[in-house]
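**Student:** In case you want the letters, here they are:
2 protein chains.
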Amino acid sequence: MIRINENYLKLKASYLFADISRRVTAFQQANPDKKIIRLGIGDVTEPLPEAVVAAFHKGVDEMADAGTFRGYGPEQGYDFLRDLIAKEDFQSRGADISGDEIFVSDGAKCDTGNIQELFAGDIRIAIPDPVYPVYVDTNVMAGRTGQNVDGRYEGLVYLDGTRENGFIPELPGEPVDLIYLCYPNNPTGATITRPQLKAWVDYARENKALILFDAAYEAFVRDPELPRSIYEIEGAREVAIEFRSLSKTAGFTGTRLAFTVVPKTCMAYDSQGGAHSLHAMWNRRHTTKFNGVSYPVQRAAAAVYSPEGKAQSRALVDHYLNNAAIIRKEMTALGYDCVGGENSPYVWIDGKMGSWDFFDMLLSKAAVVCTPGAGFGSCGEGYIRISAFNSLANVQEAMERLRAVLK
Amino acid sequence: MIRINENYLKLKASYLFADISRRVTAFQQANPDKKIIRLGIGDVTEPLPEAVVAAFHKGVDEMADAGTFRGYGPEQGYDFLRDLIAKEDFQSRGADISGDEIFVSDGAKCDTGNIQELFAGDIRIAIPDPVYPVYVDTNVMAGRTGQNVDGRYEGLVYLDGTRENGFIPELPGEPVDLIYLCYPNNPTGATITRPQLKAWVDYARENKALILFDAAYEAFVRDPELPRSIYEIEGAREVAIEFRSLSKTAGFTGTRLAFTVVPKTCMAYDSQGGAHSLHAMWNRRHTTKFNGVSYPVQRAAAAVYSPEGKAQSRALVDHYLNNAAIIRKEMTALGYDCVGGENSPYVWIDGKMGSWDFFDMLLSKAAVVCTPGAGFGSCGEGYIRISAFNSLANVQEAMERLRAVLK
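These protein sequence lines map, in sequence, to chains A and B.
Using this note's numbering, the letters of the first sequence map in sequence onto residues 63 to 469.
Using this note's numbering, the letters of the second sequence map in sequence onto residues 63 to 469.
Where hints are given, some of them may not hold.
As the list claims (entries may be wrong) - Below are the BS3-like pairs computed for lysine-lysine, each with C-alpha atoms no more than 30 Å apart in a straight line: (1) A:K149 / A:K120; (2) A:K72 / B:K326; (3) B:K326 / A:K326.
Hints listed in this document are in silico derivations from the structure and should not be mistaken for laboratory results.
With the sequences and hints as input, model every part of the structure.
**Tutor:** What follows is the structure in structure tokens.
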């Protein structure tokens, strides 16, 4: 008899975006004339940069000619892209990362979800709260947790993000082996300073722990004092894997390209204490279960790093950062405490009432969709996330409506 | 201390293609003037169909305009593609599959590798030999096997493919829960008849087993008596998941699009005997760990199903089938027993000596690269695989050279 992986039965159904969708649909049906403005999901709205589009077309044309056609490429990505990423995203910032430490993939969601396969089943895992649900769910599926009790899984070490710590959790009070960090943070928009990040790297080095650093929003960092990569911190090459994506950097949410950095100096251990290269293990996983990213998409991605592509991508991010600044300014003026909205596309707002109550109020009175913070973990209760991913006109109109409702 | 998944240590290093590459490189260096013809790896060589290229460009153009731009799409694929696949690949052949049973992905390698996550750790798995290495390796990584002893992993039930059974293994002599089948077969090129496939479906229904049916080469089936989908067999909707790909169908090895069919009637069981929908479980896995295929690639894929796209893709497959027929005819005329090469792009040849000896002979005397059958499992020893994926001129020249060497 074919039996299931019963860990799936522990998963709490992900009601967050389904719930939002249901409530928005009901509201629209009851108010068919109202124009709803969506500042909920973190999806980009602006078209691909021109340089990217031109390179994408060129890549497609190469596939149309027998002389330039490409079949299977290297699973890890073409060298033309890996070397460019290493140079532009890392070496240019003083981070010692080489092209063959870059693993190109079709999404950071896949990579952050799949990486846990490399580790033992009984490691101790530290998970921030609030948090992107993929980190938790993929470990539940793999059997590294117990049951969900009152919104938290048994067996995980939760790192609380609170107003008091500015949503930068303290180091864990008990030993942990694997640590998920995400900065600029989704959902809170909080950023981490170099000294704060160094404390985590030092902790990992002292405890032979590993940090999984999700830097999907690094392009939004404009403050030169803030790190954009964990490899800007001394010693991180030994204890950190970093996840990046072009989704928010260059509008690739529908085009799909991301990459994971696994330094060759990054080790994990067997039960006898023997050290094993995580680069070699991820390479084995990647080549066994993945066949590389679409060639024209890799050409499109390479154009993000051209002089034109860099300027155009920066303009895209500027657009969203401007929206974020408007949201933060308006909400602050209305008397709400905010985190994020600077060096980040997300504004995390203390709603001074239940997350879903605030969500319902904004929807019913202003026809504006946000995301209830409670959907990201119990520390998110009482907060909402407003996303800057929309047109300037829509953000301005949403803020006018909020002013009318909340003033 | 961060500890590794020690199952990775059981993996036999995959020397096959690395070994081939090393020997080919050494030969080329010693014979710089010789033109090597590669009939080894199963990678397509001909450009994308015109209709596909046109749709691909159109999809890219949509991403360049704010009015038509697409961000995150449905993880399972857009309905325009899922419905088309269901209609053209299944309903048109009498297989009762609906669009929402199609999960679009970026590769059959990913899907055949990831599907095992849905199942318990201690199920009994039947694996054909010879076989595509991904089925075995992904189960080794997940801990469903013991050590590798003399080329076979402890704990797996191997289904021997031999000259006597025409490389269609008999039903297992001991109970199994999960069965991997691939027809037309990689590497042997063998095809399965309806009665033969029905015997497997009946076995699965009687034993509450599940069949994972890899149909990546179904487009090469031209004999109307042969099944192209397992869902042409009565009862298969209850006991089979099917994997498809456009890689060989329409030249997508570098473009990347595949799909997995999980019928809603397909169940697996918990330890209490309770039935669970594999459609719901795969949907949970797919939405948690994957973010959908690039939008322009989905548009390109949809064009494969247009009248022009169908004709052009068929012409592509015809081209490779013609090559396969030439290879089979020549090798047969030279006195070699062959399987495949009809309704399949692979010709599986009894070399009448060791696989690697035959490989070395073809390389050194004819500068032709094949794949040693021993690389696909112990039942492959003594055989070689010749692939039809090349230009007609190269195949003809390779056969002339083989004639001179082997006659």
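**Student:** Enumerate the violated hints, using their earlier numbering and listing them in ascending order.
**Tutor:** Number 3 - this is the single hint that the structure violates.
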